[in-house]
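Participant: Take the sequences, apply the hints, and build the full model.
Number of protein chains: 2
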Amino acid sequence: MTTLTLDEKISKYHHGDLRNTLLALGTEMLSEAGVAALSLRKLAQRAGVSHNAPYQHFPDKESLLAAIAEQGFRLLGEAMDSAQANPTYPDPIERLIATGQSYVTFALNHPAHYQVMFGPLNNDAYPDLKATSHDTLAKLINIVAALQASGHLRPTPPLDLAATIWSCMHGLSAILIANKLPDYIRTQRDAAALSATMLRHLLTGLLA
Amino acid sequence: MTTLTLDEKISKYHHGDLRNTLLALGTEMLSEAGVAALSLRKLAQRAGVSHNAPYQHFPDKESLLAAIAEQGFRLLGEAMDSAQANPTYPDPIERLIATGQSYVTFALNHPAHYQVMFGPLNNDAYPDLKATSHDTLAKLINIVAALQASGHLRPTPPLDLAATIWSCMHGLSAILIANKLPDYIRTQRDAAALSATMLRHLLTGLLA
DNA sequence: GTGTCAATATTGACACTGTCAATATAACAC
DNA sequence: GTGTTATATTGACAGTGTCAATATTGACAC
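If you're matching them up, the sequences are chains A and B in order. Sequential numbering from 85 applies to the first sequence in my numbering. Sequential numbering from 85 applies to the second sequence in my numbering.
Treat the hints loosely; a few may be bogus.
All copies of an identical chain are treated as equivalent in the list; a pair is satisfied when it fits inside any one copy or across any two copies.
To be verified - Calculated pairs, SDA-like style, for lysine to any residue (alpha carbon to alpha carbon, straight line, at most 20 Å):
hint, residue 1, residue 2
1, Lys145, Ala262
2, Lys145, Asn170
3, Lys214, Ala262
4, Lys223, Asn263
5, Lys214, Leu265
If you are wondering where the hints come from, they were derived from the structure by calculation, not from laboratory data.
Facilitator: Have a look at this one:
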């Protein structure tokens with residue numbers, strides 16, 4: 085397979101890799117101006133292609149968004165994986181905290197993308213999206229189960245624990261992206277610090 | 085003020101209370117078919133008014149959505165208030181848990197409305213929305229501060245604790261609405277039970 | 001190579017949307 | 001009443017998602 089630059093792809097009649105190009109440029113437009121500003125026609129134009137070419141690769145706009153969301157879950161999963169693989173934190177609990185931070189950091193670095201991932205898409209209508217999001221959750225469940233096996237975490241149902249941690253991290257991400265925590269978070273460092281604080285609270289409990 | 089039925093309002097040239105009618109019918113459409121299906125023109129038609137009448141009360145569609153979101157935060161606040169006032173739970177910690185459950189229950193009963201509240205609206209562009217959402221958060225902060233004063237919760241910064249609890253409840257709500265927790269939650273009772281379980285985990289900690 | 005076919009892209013059309021400008025109607029102050 | 005203001009209507013426009021019909025290309029059989 086000859087590797088073409090994006091500009092080369094655009095110049096040909098048969099684009100060659102339009103589907104991936106649309107995903108890439110769509111994600112780009114998303115981060116530039118948000119979901120509301122993402123139109124199929126502008127996207128096609130940016131890809132150097134007629135306004136109906138995307139329909140060869142996606143049955144409708146929502147399917148494109150679902151594919152973008154799916155890719156987002158993959159990227160998020162990779163971010164979590166690399167946090168888990170980071171040798172900076174030999175203690176597995178610290179590694180869990182670092183993983184949570186990487187989750188929130190990912191969300192804040194790609195707010196529009198993240199919003200599509202948890203937006204009004206009907207999950208059940210897109211089996212690939214559903215499978216990918218489940219895979220991402222599975223990563224967290226595995227981490228939790230390992231921490232239970234090593235005696236670090238309570239031996240309650242791992243799905244309960246994973247759901248709790250996930251809810252906390254997702255909730256913080258969404259609240260920060262929606263800007264509902266006023267005059268509190270100013271820098272990304274603040275957000276990372278807050279996510280660590282929250283995870284420690286979660287781990288040790290809130291009761292006096 | 086003569087109280088008119090909704091149908092009476094619709095039949096008059098000068099509607100009389102179009103703004104509130106649009107909010108009510110808009111919320112109705114939202115719950116029927118989701119954000120994507122909410123169009124200003126269909127809404128105007130349902131209100132029995134020309135397609136441009138809404139512009140007398142909202143500068144654009146997004147402002148309408150912001151007003152609907154604002155109203156959502158008010159309703160959510162009322163739900164939390166009445167959970168706090170519920171005499172069924174004399175123990176303040178149990179009352180906190182019940183309040184959390186009422187939060188999640190509200191979200192699951194009005195999924196589309198809830199999604200608009202945390203959707204891609206630019207919070208800063210709508211001061212009223214911002215103020216109302218802050219008021220809702222303030223309720224939670226007050227509850228937490230009272231529980232600290234009575235010695236039930238740790239004396240760490242109350243905003244930290246409130247943010248943690250809120251993140252957990254919002255995260256669970258959003259994940260359930262987006263249907264990302266597969267084959268786990270089948271009934272609303274399940275969701276309420278899960279939210280209580282999560283809050284108890286949060287209160288007592290996850291560590292072994 | 002040539003011919004055929006399926007994949008891919010284009011053109012043109014349509015209904016629908018949000019929004020603007022100009023106009024009409026009603027309510028109200030004086 | 002008269003005039004002013006708030007409210008609603010009509011008509012227009014560009015932009016959107018999507019459909020149907022058509023054109024172009026690349027691949028593969030022969």
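Participant: Does each hint fit the structure? Answer for all of them.
Facilitator: The hints, checked one at a time:
1. When the C-alpha separation of Lys145 and Ala262 is checked against a cutoff of 20 Å, the pair qualifies only between copies, where the shortest distance is 19 Å, while the shortest distance within a copy is 24 Å.
2. Proximity of Lys145 and Asn170 under a CA criterion of 20 Å is satisfied in neither setting, with 38 Å inside one chain copy and 46 Å between copies.
3. For a Cα distance limit of 20 Å, the shortest separation of Lys214 from Ala262 across copies, 10 Å, qualifies, whereas the shortest one inside one copy, 24 Å, does not.
4. Proximity of Lys223 and Asn263 under a CA criterion of 20 Å is satisfied inter-copy only: 18 Å between copies versus 28 Å inside one chain copy.
5. Proximity of Lys214 and Leu265 under a CA criterion of 20 Å is satisfied inter-copy only: 10 Å between copies versus 30 Å inside one chain copy.
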